[in-house]
Amino acid sequence: MYVQEHLTGDMIGFEEHPDPAWIAGAKSGMTEALYRARSSGWREFFDSLETLFRHMIEVPPAEPGTSTQNGSLYETLGGYVSVVGTMTSEGLTFSVPPIRQQVVASLFAGMQLYRNGKELLVPHSELDIFSRLVPLRGPIELEVFNR
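Okay, so the sequence shown: first residue is -16 according to the numbering used here, each after it adds one.
In case anyone wonders, no lab produced these hints; they're calculated from the structure.
Hints may be right or wrong, so weigh each one.
Derived Cβ-Cβ restraints for the label pairs, each shown as a range [as the list claims (entries may be wrong)]:
{"#": "1", "residue 1": "S108", "residue 2": "H38", "range": "19 to 27 Å"}
{"#": "2", "residue 1": "P43", "residue 2": "S108", "range": "33 to 41 Å"}
{"#": "3", "residue 1": "E33", "residue 2": "Q95", "range": "33 to 41 Å"}
We treat Cβ as the ideally placed atom computed from N, Cα and C, and that holds for glycine.
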């Protein structure tokens, strides 16, 4: 599963340009995700992202809870969670630096969102709403929708 299947843009055979805020979040997540063992689908997705990053070198990484100058916090979070997110029996988990957790949690007022140290958990019951707000791509998108 390649990024081309989920994002599009002129640079590497894509039809539309990927949102820079999504890419900024994905860049931030790659540092953490590269240390995690993943299936070959994840490796292909990461390889494809690395190619995309080389073509969009001017986009700096952005941690969750931050955004690029013209970007959305939701787009940035989507890129980040697409790279570091993990489906568990409880729901979707992803790490967020403690200093940014309050900002991320405030994006989902009225939703159940649980914190455990550095991890945030979106329970299964909230995944439909979460995925409408946060653009997930790659293997985690399939895992969320095939739960």
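Structure-based check of each hint:
1. S108 to H38: 19 to 27 Å: About 38 Å separates the Cβ atoms of S108 and H38, which means 19 to 27 Å is violated.
2. P43 to S108: 33 to 41 Å: With a Cβ separation near 35 Å, P43 and S108 satisfy 33 to 41 Å, so the hint holds.
3. E33 to Q95: 33 to 41 Å: Given range 33 to 41 Å: holds, Cβ gap about 35 Å.
When held up to the earlier numbered hints, the structure conflicts with hint 1 and nothing else.
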